[in-house]
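Trainee: With the sequences and hints as input, model every part of the structure.
Protein chains in written order, with this note's numbering: chain E, 1 to 428; chain H, 429 to 749.
Treat the hints as calculated values from the structure; they're not laboratory data.
You may find that some hints are simply not true.
[As the list claims (entries may be wrong)] Across the chosen pairs, the derived CB separations fall in these ranges: (1) H:Glu702 x E:Ala383: 46 to 56 Å; (2) H:Pro485 x E:Gln165: 54 to 64 Å; (3) E:Glu75 x H:Thr689: 25 to 35 Å; (4) H:Glu702 x E:Gly159: 27 to 37 Å; (5) E:Ala390 x H:Glu702: 47 to 57 Å.
Glycine included, C-beta positions come from ideal geometry on N, C-alpha and C.
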Amino acid sequence: MSSSRTETVVDVTMPQMGVSVAEGTVAAWRVEVGDRIAADETICEISTDKIDTEVPAPVSGVVTEILVPVETTVEVGTVLARIAADGSAATEAPANGDAPDAEAPAAPESAAAPAPSTTPVAPPAAAPSNGARRYSPVVQRIAAEHGIDLGQVPGTGRGGRVRKQDVLAFIESGAPAEAPLHIESPYRPEPPPAPAVAAAPMAVPAAGSGQLSRMRRRIGEHMKRSLETAATCTTWIEVDMSRVEAARKRLGVTALAFVARATIDALREHPALNAWLEGEKYTQHAGVNLGVAVSLGDDGLIVPVIHNAHELSPEGLAIRIRDLATRARARQLTPDEVRDGTFTITNPGQYGSIMATPIINQPQVAILDFEAVIKRPVVVTDADGNDSIAIRPITILGLSWDHRALDGALSAQFLATVKRHLEGVVAA
Amino acid sequence: MSTLTYLQAISSALRDELRSDERVLVMGEDIGVFGGAFKVTAGFIDEFGPDRVMDTPLAESGIIGTAIGAAVVGMRPVCEMQFSDFISCGFDQLVNVAGKMYYRQGLAVPITVRLPSGGGFSGGPFHSQNPEAWFMHAPGIKVVAPSTAEDAKGLLHSAIHDPNPVCFMEHKHLYRRVKGEVPDGVFETPFTARVARPGSDMVVITYGAMVHTALEATEDLDGASVEVLDLRSLVPLDEDAILDSVERCSKVVIVDEANSTCAAGAQVAALIAERGFESLDGPVVRVATPDVPIPFSPPLEQAVLPSIDRVREACRELLAY
Numbered sequence: 001m002s003s004s005r006t007e008t009v010v011d012v013t014m015p016q017m018g019v020s021v022a023e024g025t026v027a028a029w030r031v032e033v034g035d036r037i038a039a040d041e042t043i044c045e046i047s048t049d050k051i052d053t054e055v056p057a058p059v060s061g062v063v064t065e066i067l068v069p070v071e072t073t074v075e076v077g078t079v080l081a082r083i084a085a086d087g088s089a090a091t092e093a094p095a096n097g098d099a100p101d102a103e104a105p106a107a108p109e110s111a112a113a114p115a116p117s118t119t120p121v122a123p124p125a126a127a128p129s130n131g132a133r134r135y136s137p138v139v140q141r142i143a144a145e146h147g148i149d150l151g152q153v154p155g156t157g158r159g160g161r162v163r164k165q166d167v168l169a170f171i172e173s174g175a176p177a178e179a180p181l182h183i184e185s186p187y188r189p190e191p192p193p194a195p196a197v198a199a200a201p202m203a204v205p206a207a208g209s210g211q212l213s214r215m216r217r218r219i220g221e222h223m224k225r226s227l228e229t230a231a232t233c234t235t236w237i238e239v240d241m242s243r244v245e246a247a248r249k250r251l252g253v254t255a256l257a258f259v260a261r262a263t264i265d266a267l268r269e270h271p272a273l274n275a276w277l278e279g280e281k282y283t284q285h286a287g288v289n290l291g292v293a294v295s296l297g298d299d300g301l302i303v304p305v306i307h308n309a310h311e312l313s314p315e316g317l318a319i320r321i322r323d324l325a326t327r328a329r330a331r332q333l334t335p336d337e338v339r340d341g342t343f344t345i346t347n348p349g350q351y352g353s354i355m356a357t358p359i360i361n362q363p364q365v366a367i368l369d370f371e372a373v374i375k376r377p378v379v380v381t382d383a384d385g386n387d388s389i390a391i392r393p394i395t396i397l398g399l400s401w402d403h404r405a406l407d408g409a410l411s412a413q414f415l416a417t418v419k420r421h422l423e424g425v426v427a428a
Numbered sequence: 429m430s431t432l433t434y435l436q437a438i439s440s441a442l443r444d445e446l447r448s449d450e451r452v453l454v455m456g457e458d459i460g461v462f463g464g465a466f467k468v469t470a471g472f473i474d475e476f477g478p479d480r481v482m483d484t485p486l487a488e489s490g491i492i493g494t495a496i497g498a499a500v501v502g503m504r505p506v507c508e509m510q511f512s513d514f515i516s517c518g519f520d521q522l523v524n525v526a527g528k529m530y531y532r533q534g535l536a537v538p539i540t541v542r543l544p545s546g547g548g549f550s551g552g553p554f555h556s557q558n559p560e561a562w563f564m565h566a567p568g569i570k571v572v573a574p575s576t577a578e579d580a581k582g583l584l585h586s587a588i589h590d591p592n593p594v595c596f597m598e599h600k601h602l603y604r605r606v607k608g609e610v611p612d613g614v615f616e617t618p619f620t621a622r623v624a625r626p627g628s629d630m631v632v633i634t635y636g637a638m639v640h641t642a643l644e645a646t647e648d649l650d651g652a653s654v655e656v657l658d659l660r661s662l663v664p665l666d667e668d669a670i671l672d673s674v675e676r677c678s679k680v681v682i683v684d685e686a687n688s689t690c691a692a693g694a695q696v697a698a699l700i701a702e703r704g705f706e707s708l709d710g711p712v713v714r715v716a717t718p719d720v721p722i723p724f725s726p727p728l729e730q731a732v733l734p735s736i737d738r739v740r741e742a743c744r745e746l747l748a749y
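Mentor: Structural data, given as structure tokens:
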């Protein structure tokens with residue numbers, strides 16, 4: 001009987017995850033041979049030296065073979081598994097006459113998969129789509145102009161589609177109220193951009209067992225190695241953010257974008273900090289590839305890189321930061337987007353913390369920490385030299401630097417330069 | 429101001445031109461003694477004589493060719509095609525000779541070709557077409573298509589004054605159905621689009637008789653605010669007006685009475701895709717006559733031409749998108 005089936009078997013291959021990546025490692029299988037899987041559902045997790053990602057099933061069907069075991073590294077294009085596509089084996093089964101019960105057990109099993117959990121919130125009319133929301137050009141443009149997370153906008157169009165009037169109504173309702181400064185960071189909590197992310201907690205199934213995730217292990221290795229390698233010192237400076245605050249409100253961008261721009265300007269004035277130190281080899285870079293640390297919640301942290309960041313304005317940087325942060329959380333970064341950073345900014349200001357001693361992202365020679373901006377009473381001096389006390393938004397920038405590559409005077413000069421640029425931002 | 433039908437407005441424009449400019453002459457099949465198939469030039473021969481109101485042989489190539497020669501030596505001829513469908517016999521003269529004369533020899537060809545067009549009266553495949561897109565595709569020719577009595581007169585004046593060959597698409601269905609206040613005397617209507625009804629939720633872009641179909645179809649669409657943009661001129665196409673409407677409304681329905689493929693509305697859709705993409709909140713929807721000849725049979729003809737119901741349904745669908 002089964003020998004007479006005409007099955008369509010589809011290969012699942014190791015995907016190309018960036019131009020410079022030639023191989024990947026299977027981190028975990030989500031299915032076993034014999035399991036049913038729907039198209040676009042995750043069949044396995046893979047990792048490269050830089051990032052983890054998921055491989056979606058190319059078709060709906062039954063997994064017939066798993067060819068590459070966990071922790072095995074194979075070249076891009078290698079067949080990882082095979083799926084007998086629906087319409088062949090699967091549709092053949094009910095034709096076995098009175099054997100519908102034989103099919104039934106498959107359903108409860110697959111019900112345990114995470115994907116169906118997203119369907120109850122979707123309006124019934126949206127059923128034909130695969131769950132991912134798509135937005136029209138005008139809706140995306142308005143959302144970008146107003147910094148709106150479209151995931152939070154209720155849709156009234158067909159199948160719950162977000163229409164132009166929905167996003168306009170959302171703006172008018174004042175829902176995306178200007179966030180307080182101290183949560184202005186790429187860490188701003190965003191609902192997952194796609195249902196697929198809801199499945200992410202699966203990546204840490206062993207929270208209770210004491211087994212660290214791959215990402216945590218790797219972060220730990222990097223951090224430990226950095227501390228063992230570099231002679232890390234940290235220097236702080238206070239910055240008056242009044243003008244940044246005014247400018248960012250006018251442009252609708254985050255304070256981080258201005259800090260990034262000021263950092264880039266300071267790196268151009270002090271290129272010694274825009275460098276790598278690998279053993280005894282010290283390399284200064286002409287352009288700035290700016291890394292910005294992005295929290296992935298419980299999973300860990302990743303540092304996507306804005307290549308040629310020196311070519312971007314604060315607005316351009318804001319767009320790139322937002323894009324990279326969003327895609328980082330959606331696990332959509334390519335390995336090329338997390339490599340070749342020349343300097344890193346970290347910005348965990350969400351909870352109001354004011355200072356930290358960040359660890360240098362090797363092989364870079366320094367890292368800038370931007371925490372909360374807090375209104376403080378400060379002494380200001382007017383043109384006639386009279387002192388008075390004023391309320392000003394103040395932040396403390398921290399620079400961890402490698403004493404092997406530079407000395408304290410330069411790090412202080414660098415911070416002073418960043419401060420000068422931030423306090424000199426043209427507000428109007 | 430006078431209250432005139434669309435047809436009377438065309439007659440009025442011709443009469444005013446013949447009276448005010450001795451270079452103007454009209455020519456066509458049976459337009460003199462008989463007064464024209466639709467009586468646009470009724471009585472003209474008595475007032476202006478057979479030298480300026482010329483009955484011609486049944487030869488469109490000859491009519492347009494003669495007009496080109498007259499225009500080159502300084503006249504302002506207005507040719508009537510009895511039905512726009514017949515222009516195909518004069519295609520070479522219009523497209524290859526008139527349209528390229530200025531490019532090749534630097535000679536202006538200020539002719540106006542009146543094209544009674546459109547269906548809806550069981551005229552069948554040879555008397556119901558909307559051939560404007562043929563000429564949109566040929567550089568050197570302007571194409572205008574009024575929908576109201578005022579624009580019929582104003583655009584005809586503008587066409588006659590224009591130094592280029594102009595195809596004046598006059599819709600037969602509107603001849604006696606559309607009536608309105610029309611300024612007296614000679615006035616010009618610019619070759620730009622007109623907002624027939626302002627709106628903000630969606631724009632219906634169209635021209636000619638379909639302007640009225642669009643207005644009626646969207647008169648009461650569940651409270652939606654629907655703009656209707658009357659293109660009036662197809663060459664030049666008022667791109668700024670189109671993109672402005674698209675930017676404000678974000679949803680677009682384009683209605684052509686012409687056969688769908690490569691119709692004027694297809695050009696509008698292409699423009700929006702190229703330059704209005706960032707403003708769109710839904711697919712650009714087109715309603716047009718399918719690519720079939722216009723049937724004689726009244727029910728079949730009504731089935732192929734864009735009806736009020738079809739336009740309304742398309743608008744409803746897009747509004748709900």
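Trainee: It remains to establish, for every hint, whether it holds in the given structure.
Mentor: Hints versus structure:
1. H:Glu702 x E:Ala383: 46 to 56 Å: 55 Å Cβ-Cβ, so the 46 to 56 Å window holds.
2. H:Pro485 x E:Gln165: 54 to 64 Å: For Gln165 of chain E against Pro485 of chain H, whose Cβ atoms are near 60 Å apart, the range 54 to 64 Å holds.
3. E:Glu75 x H:Thr689: 25 to 35 Å: Distance hint for Glu75 of chain E, Thr689 of chain H is violated at roughly 48 Å.
4. H:Glu702 x E:Gly159: 27 to 37 Å: 28 Å, holds
5. E:Ala390 x H:Glu702: 47 to 57 Å: 53 Å, holds
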